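2 protein chains.
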Amino acid sequence: MKKLIIPKQIVTVNKLDAILKNHALLIEDDKISGILGKNEIELSAFEGEIYEYPELTLIPGFIQTHIHLCQTLFRGLADDLELLDWLQLKIFPYENAHNQASLKISAQLGINELQLGGTTTILDMGTIRHQEVIFEELINSGMRAFAGKCMVDKNGLMPQFKESTDESLNSSYELAKHYHNKTKKIKYGFAPRFVLSCSERLLRDTHDMLQEFNGSLYHTHSSENRSEIEEVRKMTGKENIEYFNQIGILGNSTVLAHCIHLNELEIGTLKSTGSRVSHCVSSNLKLGSGIANIPQYIQNGISVSLGADGAPCNNNLSIFHEMRLASLIQKPLHGPTSMDAKTTFRLSNIEGAKALNLENEIGSIEVGKQADLVLIDLERPSNPLNDSEEKIYSSIVYSSERIDVKHVMIGGQWVARNGKSLHYDENELLSLGKKELKSLLNRVD
Amino acid sequence: MKKLIIPKQIVTVNKLDAILKNHALLIEDDKISGILGKNEIELSAFEGEIYEYPELTLIPGFIQTHIHLCQTLFRGLADDLELLDWLQLKIFPYENAHNQASLKISAQLGINELQLGGTTTILDMGTIRHQEVIFEELINSGMRAFAGKCMVDKNGLMPQFKESTDESLNSSYELAKHYHNKTKKIKYGFAPRFVLSCSERLLRDTHDMLQEFNGSLYHTHSSENRSEIEEVRKMTGKENIEYFNQIGILGNSTVLAHCIHLNELEIGTLKSTGSRVSHCVSSNLKLGSGIANIPQYIQNGISVSLGADGAPCNNNLSIFHEMRLASLIQKPLHGPTSMDAKTTFRLSNIEGAKALNLENEIGSIEVGKQADLVLIDLERPSNPLNDSEEKIYSSIVYSSERIDVKHVMIGGQWVARNGKSLHYDENELLSLGKKELKSLLNRVD
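In order, the protein sequences belong to chains A and V. In terms of this note's numbering, the first sequence opens at residue 1 and continues consecutively. In terms of this note's numbering, the second sequence opens at residue 1 and continues consecutively.
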């Protein structure tokens, strides 16, 4: 089945950063098969679905490289706390109390919010149990995703929230075998939580499994919080990145969330190993963790992409908050010209694709790539009124909100139309979410 | 005419910070005349309009204490620049090119965006010409506002953008005479721009005029940018606040926007004089200006309220961005427990009212106060699902966006219903805005 989208303009994010007016996008099955000048199209002869949006701008679907769907249910229940307290007092007990039903609605709430906000690909870290629930929900929802169960084989903060090393390795292996490439959109992302909750054997042996699952990723947290770093130093005698390097888990399939407090040696190591940084700016502020030196990482050629992290440390899953803040937060430190709108916009699409080694599949609007697309309304009084090229990036990064996202397509399939999910009924999500949260909180007490 | 609003709950911001469930708000004319328990109400016997919103939360209208309506048209046209460049290269030339038509649509765009986002009171700084246009628009729109023409009698950055001292003083005086208390909602806010664009006589003589206009304010910028501060030091031999103190313009009718870089002496002076700080966090980041030590000011008992500043340095006029960021930005500096959601929420209402000396009129939902009200939807899947009291503040500050504002009332009159303005047609604003911006940019070239 062919689809033809005729928007006001196409922000391609291709090698020329072209913004095309008077063009239409041809989609066949899951792929972009043509970008046509308007006079190349004979609408009356076109056999397929035609979508004319003379007021909407077509942009690549957003990519978020650090998400915890399992935490969506806990939004607002862990505010104004530091990372280790936040984990010990709130997040670990809540995750530990998840059953299949609560995990399912948590994933649904998160996917719904992400898709309505134009996010079409995520790298997700699950919790230690019931990971199959998240995979099934990702598949049902049409999301493009890397996901993996969270691996924890030691836990000083909450001893009962862990598995044995073998349990953790074996169950991850079985899940990867079952779900990696189960559909074209689903891949496995191995997810040891962080140094303090993983034995060295867990960290190493997990990395060895990558070889068997071509295209899978290694996804963990690093260098988020000064107390965490101090603990890692006590335990390993090293900084996070040097420790990771020593045990051989860095490389271009490794995505490290946060990387806030790095020394020069660590920055050099990230660069030389090709490891990826997922920058979670709202979360880093809200947990009081700090501000990563993103302009320096980018200048060093390190892969940087964006992630909203989990709902309880944000408290949104909106790429628009992340983009605006990723630009704004660097300006007092590195000057107001740093992290201009276009630079930050690219972190949300093509740089996200590169982080996931999917830059030939997604992240821009080019022939042959997957049709992961967002139609956004930049024609509102709250956007700039001048629609020159640079203003388009400014509109998206500095002025837009989730509500401006109108239609969202993943792999050629619409997942949201007119701001509404095609999969989820919001009222149902809301009432089920409340019910399951109440039960979960009862299980915690 | 009586109105009765029956919401899910009322966040009063009264002295007990009560959140009332099963209550209704009675409004007579422009005032709140009763807060009734549900069993005190006989709906069938009520003579007036009844508004039942079982899913919406009633909160006080938001108050923003530093806005430049005249700049709304320039959104996206001055990104990624430092303050003095931003003024010299962009904002002064644009303001200088305003005619009545461009200024009117700029004000309309700003007021529309503010009201739809739940802002019911502003302190606005205009430009040097056509201030009557802004006043007339404020009156027509039903906004509650302090406004004043911008006073500039010297200008090293753009010499043609100024008036003589006498012209500036006289025209401000005439405007104050005409517009101060012209309606119950409109007051004058004298607005000398900042030290570098004002002679000492202008600053002093303007302050003397406050006495003749009871309830008026003195509104200027201070200590925003390190280069500005250096220039002020060269010119006066002093820091901004000490200079202001020396010339006698501080006090509890003076609102100072920004106050980012203050020494201990200046903080003490703000405290002892009762001067007010308007914190414009997005603007301070976007212009690379810095981060004000708001927790310290609050701890010292200094009045702190919030403002979105102008559209080109934000690039929104949304109190939700300001609240979320005002909380988040302090946490890496002062710990994650600082600026909790409730503290920040209060800056957007009762603390704003105090800054404007209107705390007996607005800023909370209490009998006898003006009916400046917002009905907000906190019942969405992207908000916390637990509606305990602390989660209500978390929802508003950390999770909500402009779209969640459903109905807005100022002084007993609806200005927005179902997310739509009762005064403005967005499509008209958009097309007129584009037209006037194009003409203005032609005048600049």
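It is possible that some hints are incorrect.
[To be verified] To be clear about the criterion: a stretch of chain A counts as covered by chain V if any three or more of its residues have a C-beta under 8 Å from a C-beta of chain V, and this derived list gives those stretches:
(1) 245-257
(2) 286-300
(3) 419-432
By construction, these hints were calculated from the structure, which means they are not laboratory data. Given the structure is predicted, the values throughout are model-derived calculations rather than measurements. All residues carry an ideal CB built from backbone N, CA and C; glycine is no exception.
A quick look at each hint next to the structure:
Counting residues of the segment 245-257 of chain A whose beta-carbon sits less than 8 Å from any beta-carbon of chain V gives 0, not enough to reach three: the coverage restraint is violated. Judged by the Cβ-Cβ criterion of 8 Å, the segment 286-300 of chain A is covered by chain V as claimed, because 6 of its residues qualify and three suffice. For the segment 419-432 of chain A, the assignment as covered by chain V holds, since 3 residues bring a beta-carbon within under 8 Å of that chain's beta-carbons and 3 suffice.
Consistency with the previously given hints fails for number 1 only.
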